[in-house]
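**Q** Put together the whole structure using the sequences plus the hints.
2 protein chains.
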Amino acid sequence: MSHGFYGKFLEVNLSTGESRETALPDEDYRRYLGGSGLAAKIFYQRGYHKIEPLAPEAPLLVFTGVLTGHSVPTACKAAFCGRSPATGIWAEAAVGGYWPSVFKTCGYDGLIITGKSDRPVYLYLDGSGVEIRSAAALWGEDTYSTQDKIREELGAEVYVASIGPAGENGALIAAIMIDGHDARAAGRCGLGAAMGAKNLKAIAVRRCGSPPAVADAKDLTEARKAVMPKLREKAKGLTDFGTAGGVPVVERLGDLPIRNWTLGSWTQGASKVSGQAMVEAGLRVKHYACFSCPIRCGKDMKVEIGPYRGAIAHGPEYETIAGFGAMCLNDDPNYIIAANDLCNRFGLDTISTSSVVAFAMELFEHGLISEAESGGLDLSWGNGEAILKLIPLIARREGLGAPLSLGVRKAAEHFAPLAQEFVAESKGLELAFHDPRAFTSMAVVYATANRGGCHLEGLTYFNENRAVPASLIGLKDDYEPHGIEGKAELAKKMQDYMSVFNALGLCKFLIRGHIVPADIARWFSAVTGWDISEQELLHAGERLFNLKRLINVDLGISRKDDTLSPRLLAHDRREGAAAGSLPHLGKMLVQYYDLRGWSAEGIPGHEILTDLDLDFKRHVS
Amino acid sequence: MSHGFYGKFLEVNLSTGESRETALPDEDYRRYLGGSGLAAKIFYQRGYHKIEPLAPEAPLLVFTGVLTGHSVPTACKAAFCGRSPATGIWAEAAVGGYWPSVFKTCGYDGLIITGKSDRPVYLYLDGSGVEIRSAAALWGEDTYSTQDKIREELGAEVYVASIGPAGENGALIAAIMIDGHDARAAGRCGLGAAMGAKNLKAIAVRRCGSPPAVADAKDLTEARKAVMPKLREKAKGLTDFGTAGGVPVVERLGDLPIRNWTLGSWTQGASKVSGQAMVEAGLRVKHYACFSCPIRCGKDMKVEIGPYRGAIAHGPEYETIAGFGAMCLNDDPNYIIAANDLCNRFGLDTISTSSVVAFAMELFEHGLISEAESGGLDLSWGNGEAILKLIPLIARREGLGAPLSLGVRKAAEHFAPLAQEFVAESKGLELAFHDPRAFTSMAVVYATANRGGCHLEGLTYFNENRAVPASLIGLKDDYEPHGIEGKAELAKKMQDYMSVFNALGLCKFLIRGHIVPADIARWFSAVTGWDISEQELLHAGERLFNLKRLINVDLGISRKDDTLSPRLLAHDRREGAAAGSLPHLGKMLVQYYDLRGWSAEGIPGHEILTDLDLDFKRHVS
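Which chain is which? The protein sequence lines are A and B, in order.
Letter by letter, the first sequence follows residues 1 to 621 of the working numbering.
Letter by letter, the second sequence follows residues 622 to 1242 of the working numbering.
Please note that a few of the clues may not be correct.
Taking lysine-lysine and the DSS-like style, the derived pairs with C-alpha atoms no more than 25 Å apart in a straight line are [stated by the list, open to error]:
1. B:K1129 <-> A:K587
2. B:K857 <-> B:K1129
3. B:K1181 <-> A:K410
Note that these hints are calculated values from the structure, not bench results.
Here the structure is a predicted model, which is why all the values come from computation and not from measurement.
**A** Encoded structure:
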């Protein structure tokens, strides 16, 4: 029976040039859903986590989800996975756009790359296996021209995932970028450096017809049509202004990190850098949608400043505006657009990059970086020119850019003992830009996120700010944002739900369209022909969250690591809607571990592992 | 020539019952000054730091200073030293009163106790060696009755250092107390538990005439007389109200920790619990002076509450008032007096004990300790009755008292992950009660203190609040309390100066009487007959500070440990004179390490070790 996936993945060893196909049982797809879920299962089963992230033998896993590439709303994602060069623990970075759905036509559900080439290469999948091609002419190129040049060789039906100079140079905050000028990022965890360490510049994929047939195309069409009205209506804000439209409300709720997480209010600044303001200023050129997405949250904008003045670039997302705007006290949207474009070209994660820039600005304010050390850059708060000059230094790991390219935790170690109090991270990953002092459930989400300080593993600020009623997943809707009641349960349930998205290949913004687990279970059933209930789907999500925890536990992670930087736990702000609020993380964690069936040390217990079929001594080879 | 010391110490092995005398060269006394300095040298030279603190073979060192027992102002001190059961690093706890000066008549400069008795014993030094006597009838007694009972056996000329039930039971915040009802404490670092682990209840010493003769009695008399006017005049505040008189001004400057370090102002409370208020309330019965002290800062007070109502007790010091008053939001001085008396009887350090009580109150406030866990105690802020009930539980390690008896760092681990943000410590020792947000030099002092969060190793708040002009040691007098300029240098120089006090056997309150290094050098010269310059004295102080650092470095201490709990670095207060202030510890540490000749990791460098004759490969055994 057709069930929407190939049942096999490709392995390439760059040291030897060998490749092979490996088949997987259908049961693995049902249990782990593909994408980052299936990748995590293989990663753990093979003991890959014992390999240092930048060692030649370290694996990079790229997996599409079971739904990727099908006529399912937002089924556009692939997940890049491995062990993070930035944090040393589990890494996954999902990306949408078009490259994943094109990959899904090439005959494999995933790709595992091991080994290290002795010269720059890129991979090419054309539907009949894989070719290792020279990247001699691509090394040093930015991510836009990398796709351009590969398309010159191979044609316009080829889509490219590549690193920029940041990944080549080993910046630990380097991203993997796709789709060239239509830049989309597998941004977090520094997997760009993992590609760079392999001398692997790019992975090119040719559109080879359609993905594997689905089991019940008719029901899938009906199921898709059934959700379209609510999806379009509820997610309209995203359609109009993209994630950038959220800036004003986020600021109003005290959820926006300002001046490296020290201030609680920036109303005028927020109004200047919002998506609405950018549209009013005529900066928006057009809307953009990833594969199969009715929301169309992407916006292309004019670059009016900096070295690429005149170009059209992907407009900055909320996170990027928060990072290069509020975090750096820069209220000029043009510098944010240009900084975003630079990061995309160089292949840098904008959350981590803007975090290290804001960190550097705070050091500079306190005189902890001299102008000599900064290479003469005036890193005063809000200096947009300095931001644009610092980004290339980070990508090239030159001067001040060298320590900053390591991320805030390692940068603080570099500046030790000067700078420990200026970081905001968890498990070594810079916190995303939703403030756990505004919505305390996010303290739990960040502290327990399997890849470190990640917002996407929980997204509970959407529930707390009522953009996404928690009643959609069976919880109450009225959380007290600064209290802790019910927050552990909210975090746990949302993490389990969110765990299915990077696995199936869906975009998490579906929840902004009030898509519920039952919707996804129906799509999953129609594609595979299996009878998947909402309960089975969420159980799979819980399995995946725990599976990644097991990987991290094997790497030494426990309760001691489930925490946030002191700035978030001890520094309450003076202004804004969340003034005076601090999250009582400890109490929430106790409840959370209990709900998860984890020990007081944060280790998954026998009972929950058995319930989730994660007793790997029995179930996995 | 007579030079004021014996040149030998006594060693007793409680496992075997053997004792022996060991002679030391005069040069060691000149180089290490006796007391905690000489103890540290022997401790390091013999590799004692490699022994676990509570192991039977662990040594407890008790050393008087070269000046102890002589007619030198405040020459009343002995130092108990070893490896701290509380922190695992270097421990020293100095104590005044009379026991040390009596010890000094018994024929030895110090005592090293190793081994563990198989039943409770106490030591008795009567001028002709040492006797190990049964403590069967003393075990379980409090520290007052322990001296009473020993005196019943041995006479009133015997002075006793003992532990109470807290030390017997292994409370890691247990003190060693001396002089019975005239309670004085070797309080910090949990050395009471070290005695308890040896089944050693007490060390009794008989007054055996005079200490060894001094070299130049005439000059010593002149030198003493020369300083008396300034000493009496400048330290008059201490004479009138004791350290308790400092409460109002400390509060006014934002230097008083309130409600477990969260509030910045408590004006009315401070006025109620000050030494002045206690005197006005008729609670002060009489003044008390340690051996050879013209300041007489001790105050005996009436206990009007609790199980020992009607007793006369040592009045609470500033630290105890800050701890059981401000830290717990208790503004009734009677509860502070009673709590202090209870701690003295049970043998508990009042700084650490009040810290764990305030910690428990904050947990209770947040619902992190149920009434069941607290044994029904209502640990609401300010509940004096609850404080009096909790202290015996801590001493007995019963119920909630069990985790609290471990000190705040280990208690927070017990309650983990609930309570990490409620601690205030450095290297595992509870911070004393001067706020590094009020006087930023104290951040450096606490973070680098060799025994952990200790105020006495620097005492720079006296310089910052101008009670002791820093110009007396050649620095400027006008520090900006919340700024950082000059603070690293102030901390370093005061630490070097303060290092001579516990070594020579002097009280640090001499600086309140504007005693300067030249004064002490002259006394030291008169006693020993050596020609000691002010420079040589301070050089010795620097040697001792670095020697203890070397011990700690061998135990794994480095820059990573030179820090404070997040509450002090990240939580700024809303009220009071230090509102908004946070110490920039990192920047001060960089300057400090540089001034000390330490590496960026906080390790003493070759050059400074050579300069201080601490290149032990050459100089020591």
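**Q** Are the hints correct? Go through all of them and say.
**A** For each hint, the structure was consulted:
Restraint check for K1129 of chain B and K587 of chain A: not satisfied, since their Cα atoms lie roughly 42 Å apart, outside the 25 Å limit. Taking the CA atoms of K857 of chain B and K1129 of chain B, the gap is about 15 Å. The hint holds against a cut of 25 Å. Restraint check: the Cα-Cα separation between K1181 of chain B and K410 of chain A comes to about 13 Å, which is no more than 25 Å; the hinted pair holds.
Checked against the numbered hints above, the structure breaks only hint 1 and satisfies the rest.
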